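So the sequences go chain by chain: A and B.
The first sequence begins at 1 in our numbering and counts up one residue at a time.
The second sequence begins at 1 in our numbering and counts up one residue at a time.
Do not rely on the hints blindly, as some may be mistaken.
Note that identical chains are pooled: a pair holds if it fits in a single copy or bridges any two copies.
Each computed DSS-like pair below joins lysine-lysine, with the alpha-carbon atoms no more than 25 Å apart [stated by the list, open to error]: (1) LYS5 / LYS236; (2) LYS175 / LYS5; (3) LYS379 / LYS236.
Bear in mind the hints are in silico, worked out from the structure with no lab data behind them.
On a predicted model such as this, the values are computed, not experimentally measured, just so you know.
Single-letter residue listing:
Protein chains: 2
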Amino acid sequence: MNHVKDFHFWSPTEFVFGRNSEARVGEMLKRYDAKNVLIHYGGGSVVRSGLFDAIITQLDLEGIRYVALGGAKPNPRSSLVYEGIELARRSAVDFVLALGGGSAIDSAKAIAAGAMYPGDFWDFYSQKAVIEHALPIGVVLTIPAAGSEASMSAVITKEETMIKRGLVSRYYRPKFAIINPEQGFSIPRYHLFAGVVDMMSHIFERYLTKTPDVVLTDRMSEAVLKTIIEAARVLKNHPRDYEAMATIFWAGTIAHNGILGVGKDEDWSSHFLEHELSALYDVSHGAGLAVIFPAFMRYTLMEDVMRYRNLAVNVFGVDDDPDDPVNTALRGIETLKSFYREIGMPTHFKELGAQKKDIDRLIDTLRSHRGEVIGSFKKLSMDDVREIYLLATMEDD
Amino acid sequence: MNHVKDFHFWSPTEFVFGRNSEARVGEMLKRYDAKNVLIHYGGGSVVRSGLFDAIITQLDLEGIRYVALGGAKPNPRSSLVYEGIELARRSAVDFVLALGGGSAIDSAKAIAAGAMYPGDFWDFYSQKAVIEHALPIGVVLTIPAAGSEASMSAVITKEETMIKRGLVSRYYRPKFAIINPEQGFSIPRYHLFAGVVDMMSHIFERYLTKTPDVVLTDRMSEAVLKTIIEAARVLKNHPRDYEAMATIFWAGTIAHNGILGVGKDEDWSSHFLEHELSALYDVSHGAGLAVIFPAFMRYTLMEDVMRYRNLAVNVFGVDDDPDDPVNTALRGIETLKSFYREIGMPTHFKELGAQKKDIDRLIDTLRSHRGEVIGSFKKLSMDDVREIYLLATMEDD
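Work out the full structure: start from the sequences and follow the hints.
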């Protein structure tokens, strides 16, 4: 019987990684024929840190024109995308450069596609249209988490309805990503560790599969997960450790460029459950995932006990109890929760400001966005989803 | 102190992987605007197997013109490259499609660069010129080994002097690679397992580094190596196991696309030692590597005992002797040799037809090609090289 699924893998982004790598943005923009760039960034931190200035200095030197649009925020909103599209058209830009983390990159992607489309960009997100052209996209990464610098997806929230929706397109693969891990030293600790949860979750969503015999990808995933945990622990005690920060940045990139998902069904239901949390309470995506994933794992344990046992032993360092894989697997999940608490992440609903009484509302919006059944590792009905949300409200003993 | 090296990583090749994937070659050629293709392949096996016909049928359907050049052989020769360049120019092709394994792909790459260069393509290999343009390259892979379908390198042997030389260029990255693991079922067993040694060696060359703190890449490398060994053992007993064959094909690709080498110094001296063997005796590259690598490892053991200990424990499954890491490391190397013997590979000079009395000659040509010192894990003088060749002539107890 044949198990490994046929696959398509394409990660064409050119990565320039290391200290002071932002000094090569001019060179990279020229390589990709940019002449008139829309720079899209988030808050004032990239301006205050001098990064924005360092970049426009290079653009000036290279004779590359630009316009800039700030304001990208976590859970990026459609209103800013519309603003960016209008600016891109008005200024006839030929390249979109995102400067920041997942939020800036995701809205830059939507701007890049929307600017080349005569209709409403939300048509792509509501599946009324398919992206057939987009402006080329480049990235100067400042926050390791979302993996959007290498991924083919971008998540946008439509404000009128607060629908948060992801979209996958080959046009969403950035041409280049400049990654200087030193940028990580100025990230507030909470955001850094929320990013750690986010990148781990990108691997979990791919690791938790029903496709058998994908041991090559499984082992690579375990290797990356184990190393993320170690590096995060180093950063907790030594926030300026360059090696650990470099590990976190690169792990975040390969966690989501697709290489850890080849040949198998992926799940992503935990992301869907989390999207409802962060849309309703406007919490950090990573923090929401830290609450959802242990609950999801506990609920789906019996779907593949040995897979959870491998995760416990190979990643979380739990001693194997060969006579009781269920117990080994459960201890793995508890170890993950402990790790999240250790790095200051929430593991319960109430730490997010989320409330048990809102569960019906979360499920109603989830159902309206995704239908009655989600996921592939376990096909979850809305009753299953309720159980997972409930598990996430429970205190540990 | 900062250890991880800055790096540049770019693996833009689009991989189409799975059963019957060759049926998508027409679609992929169109995606990359091919209108007039030089198809370069090796021996008659791709013709006899029907693969060649399957491909030209698609080209005909898509209205893509083509010319074909067969004859690619292991240790690809310059004469065929010259022939291909002439044919490419005469036919004004705009794309080179390699159909085969590393040999066909490597000569296709040299043809693609040479066709766009007014001078002698060997100028690139003798470092008189740098590749600035090349025709786009695509691959339909039939043999997993060389990793050339994803790499930026191509090794060519100049016939007049029998100099075998590799070259690295961003223009050598194929646009796409179509990989159907079922192609592996018709590979003679010896060649298949020589390919296994080759891909493992691509990882060893990167794993054996003096760059500290590259644990993310180390662990991913160990994961791939361990899985290759398991899959090779499955194929030894079940030659038509699709999962194992798919694992071997994909492992061969990622072993050499560069992702397992990011952030560190690589070595490659074992490849240099082997190139002299295969040039002199015309043996399979993989078989030569099976002889050289255990000797190289033994000779360089004390350069980093703990690295070899990790390899022994994490990859070769040796029980750790915490009191004696040297012993653990040595048992790892012995286990590697046993594994090579188990899959029918040579581990001694004489099994290659190589002779102790030729060592001076091997060293003379190596010196003339590479200079007095090679490698980075241990900087090897020609005296060191002699010791390694001598180790490779010794019988086990």
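Comparing the hints with the structure gives:
Taking CA atoms no more than 25 Å apart as the test, LYS5 paired with LYS236 passes between copies only; the shortest distance there is 23 Å, against 39 Å inside one copy. Within a single copy, LYS175 and LYS5 get their C-alpha atoms only as close as 28 Å, which misses the 25 Å cut-off; across copies the closest is 22 Å, which meets it. With identical chains, the CA atoms of LYS379 and LYS236 are never at most 25 Å apart, being 37 Å at best within one copy and 38 Å at best between copies.
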